[in-house]
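Chemist: The lines below spell out each chain.
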Amino acid sequence: MITAFDKRLLNIIQMDLPLVKSPFAILAEKLDTEETIVIERLGALKEQGFIRRMGPFFDSAKLGYVSTLVALEVTEKQVSQVARKINSYYGVTHNYEREGELNLWFTLLSPNLADQDEILDIIRKLDGVVRFINLPSVQKFKVNVQFSLS
Amino acid sequence: MLDDLDRKIIAIMQDEFPLVAEPYREFANKLGISEDELLDKLQQYRQLGKIRKMGAVLRHRKVGYAANALCAWIVPEGRIQEVGQLLSKDALVSHCYSRSSHPDWPYNFYTMLHAHTREQCRVIAQTLAEKSGLEEYTMLFSTREWKKISMQYFRENNK
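Read top to bottom, the protein sequences are chains A and B. Numbering of the first sequence is given in my numbering, commencing with residue 1 and proceeding in unit increments. Numbering of the second sequence is given in my numbering, commencing with residue 1 and proceeding in unit increments.
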């Protein structure tokens, strides 16, 4: 179960995990509680699967990575096989089947364009891939997954 | 530019964040540098935007946001900046990108929407359409998640 305190804690920690020696003490102060309680509840919330990841989130482009979104039309029979092959690449971070003619969408991060091209060329030629649409980003306006809990 | 130490720090910081009183000390120990040096570096990365967020990301479904839609829009070239600013303000939009369009796929702007139900996703998209005056968009609801991970930067060679 998730308590009102847990929700406050999750709302705060989604926005900031302080870059100081004792970050949980700072959060505890904001929540008017003890450091040990913050640590204990975060452990429980992680355990129960509410928290996917904690720590720094890096800007891929600023680390020198190139990224793209690719939409595929894949024949119904071969979707699973193609999806598994795409999953096997290290820089594939999201891969979803979606409704519509373009039924498989994935994102790929690569250290450089040559590596990206190499992988995209392989995927483009997979059995069952009818259409392949590469949609490299032109400008990023926002990346921030944050859910307000009340 | 990033040097070898930067790459090492970034790689290590993707390990599980220790739930202890002094978590950065544990990372610093693994790296063989002092806690102060690590905190300095991380603060620099944040100032430079290399770290875009320090915090936690939740599992959507666990916290009740079961529906998500990739919403693709057609935005006239001259309006991209303005629309980008406007749509990224909405709290229910998590990702917002302009992208190259394609001869047989005219959509050049993408937002990821999150809500409790698909119906709510449709309402959000409708509201964004009205606010922005954009008329052409399509909602791409997911039917199966094949993969969703956080990227492990600078670990390509020791997967």
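Source of the hints: derived by calculation from the structure; they are not laboratory data. Be aware that one or more of the hints could be misleading.
Distance condition first, Cα-Cα at most 30 angstroms in a straight line; then the derived BS3-like pairs of lysine-lysine [to be verified]:
1) Lys147(B) x Lys30(A)
2) Lys8(B) x Lys46(A)
3) Lys8(B) x Lys77(A)
4) Lys140(A) x Lys30(B)
5) Lys41(B) x Lys46(A)
6) Lys7(A) x Lys147(B)
7) Lys148(B) x Lys85(A)
8) Lys77(A) x Lys89(B)
9) Lys62(A) x Lys89(B)
Chemist: Decide, hint by hint, whether the structure agrees.
Modeler: Cross-check of the supplied hints:
1. For the proposed pair Lys147(B) and Lys30(A), the alpha carbon gap of about 36 angstroms is over 30 angstroms, so the pair is violated.
2. Proposed proximity of Lys8(B) and Lys46(A) is supported: the alpha carbons are some 25 angstroms apart, at most 30 angstroms.
3. At most 30 angstroms may separate the alpha-carbon atoms for a hinted pair to count; Lys8(B) and Lys77(A) exceed this at roughly 43 angstroms.
4. At roughly 34 angstroms between alpha-carbon atoms, Lys140(A) and Lys30(B) are farther apart than 30 angstroms, so this suggested pair is violated.
5. About 27 angstroms separates the Cα atoms of Lys41(B) and Lys46(A), which keeps this hinted pair within 30 angstroms; it holds.
6. For a cut-off of 30 angstroms, the pair hint linking Lys7(A) to Lys147(B) stands: about 27 angstroms separates their Cα positions.
7. With a C-alpha separation of about 15 angstroms, the suggested pair Lys148(B) and Lys85(A) falls inside the 30 angstroms cut-off, and the hint holds.
8. For the hint pairing Lys77(A) with Lys89(B), the CA-to-CA distance comes to about 40 angstroms; that exceeds 30 angstroms, so the pair is violated.
9. For the proposed pair Lys62(A) and Lys89(B), the alpha carbon gap of about 22 angstroms is at most 30 angstroms, so the pair holds.
Hints 1, 3, 4 and 8 from the earlier list are contradicted by this structure; the remaining hints agree with it.
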